[in-house]
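Take a look at the letters that make up each chain.
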Amino acid sequence: MSAIKLNVEGLNVRFVNGQKETHAVRDVSFTLGREKLAIVGESGSGKSTVGRSLLKLHPTSARISAKAMQFGDVDLLSASEKAMQKIRGQRISMIMQDPKYSLNPVVKVGDQIAEAYLAHHKASRSEARERVMQMLDKVHIRDPQRVYNLYPHEVSGGMGQRIMIAMMVITNPEVIIADEPTSALDVSVRQQVLSVLEELVGQQELGLIFVSHDLNLVRNYCDRVLVMYAGRVVESLAACDLQYAEHPYTRGLLAALPSMDNRRPRLPVLQRDPQWLTC
Amino acid sequence: MSMIQAHSLNLSFGAGPALNQVLHDVNLSVADGESFGLVGESGSGKTTVLRCLAGQYRHWSGELSIAGVPLQQKIPKAHFRQVQMVFQDPYGSLHPRHTIDTALREPLIIHGVGDKDDRINEILLKVGLNDSFRYRYPHQLSGGQRQRVAIARALILEPRVLLLDEPTSALDVSVQAEILNLLADLRQREKLTYLMVTHDLGVVTHLCDRVAVMQQGRIVELLDSQALSRDCAQHDYTRMLVQASRDFSQESQRKIAS
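Protein chains in written order, with the working numbering: chain A, 21 to 299; chain B, -15 to 242.
Because the hints were derived from the structure by calculation, they are not lab data.
What you are looking at is a predicted structure, and each value in this text was computed from that prediction instead of being measured.
Any given hint could turn out to be false.
[As the list claims (entries may be wrong)] Below, simulated SDA-like cross-link-like pairs (lysine to any residue); rule was C-alpha separation at most 25 Å, straight line:
| # | chain 1 | residue 1 | chain 2 | residue 2 |
| --- | --- | --- | --- | --- |
| 1 | A | LYS25 | A | ASP131 |
| 2 | A | LYS120 | B | GLU150 |
| 3 | A | LYS120 | B | SER229 |
| 4 | A | LYS120 | A | SER176 |
Work out the full structure: start from the sequences and follow the hints.
So this is what it looks like as structure tokens:
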């Protein structure tokens, strides 16, 4: 692992709603270099919340506190809204789950990508257009000229996700947060999207935070895995060692996966231990 | 005797130059008590086959029959006591302003079945819930509990065939295991026949005995799930699917080896 891009220590996120306080993320620490770091866990474990708090995308009801949240030379914790605006999209970008909902339905996809570029670079429209074409080519879209003028409803899910990736990478970010980028896609299309993402991470020396609930995918795609349960990181290990995971939660999740090669009459069901909440 | 039979099922949408044929001569035969899987990518027509059987599309041509009774374009009420469907997304398939009790009562009212209260309590127990759930609303339930309610609603008319449209793809791994176990138990206890649509080959080999692979509205291969997991698939497309769900694992094995 090379230079550390992101260092998070003791991150806590609480959502305050009147008298009620929900402690969504508890004491999460990790570092990110030029690597693919996966955050896995079930729904409600706080994995997306961690991703979003790095960009301060939470509503005002969220209280974020941490011992450290250092991104390069910027302290994310004390960064002003203006400083954050410079970071969002330009130095850290985020790929959302479903391209159908995250693209603007009434704007041509090419113009949407150009908008991302123009928001952070001083450039003429024709320059931006040129960059978009290059970018579309980079994410393996065969006919960029045609695709540039399409509207989101005219592209398939896989292509939509590649367009999202193009939009996020065009600003040359240092870190990409991918929030379940492939869970809305088919197995065959998923492969394409993942390999495009992998290529870009290799070429541009990005750090990738990959939020997912798919253990099989993460095991083979990422370098390191953080396993979250109820807002805590219960285990952090190299992805290739996932089958040797020690925490009962991780082991339970792995065992609960139906597998093609190992047919069992019943799948073992996760037995939750209240102790996991405290230790 | 085969429980579900489809013979040269064709279906198209639109007319004239915009005619789009989505099913091409689909032939299927599912035995009584069998669990049969349909796999393929989005747009391959797998859900459409289910919808034809469920009576949601009526302009198909060909022959369809359930338990030996041919399906007409106009479907008698009795058909729906035999065939019920469970949908993909339990967040979308339950009415947000109806209590679980209302949701479960509705099919009973439509079909004029008596003993409503007893039946509702009984079915909730069968799917691993209890009567404390009766007066709750869907938003008060977790995803897995909602899918249990959706299964209960399908089973309350005591059908013989359950059409499952990606019943676990919206759920977490840990909850998916619970629902798959529940489905396996119910099939055994109630002697049900399953026709399940999914794109997860792990799920399909776990729950189903035989699998049909669909591509662009055609069934390209039919094989039993053991053959699928032993890599005995003949058709290129099936092999590609198997490859795609295994690919990364092979890559990682290479990584570890090197």
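To test your reading of the hints: which numbers does this structure violate?
The structure conflicts with hint 1 only, although it agrees with all the remaining ones.
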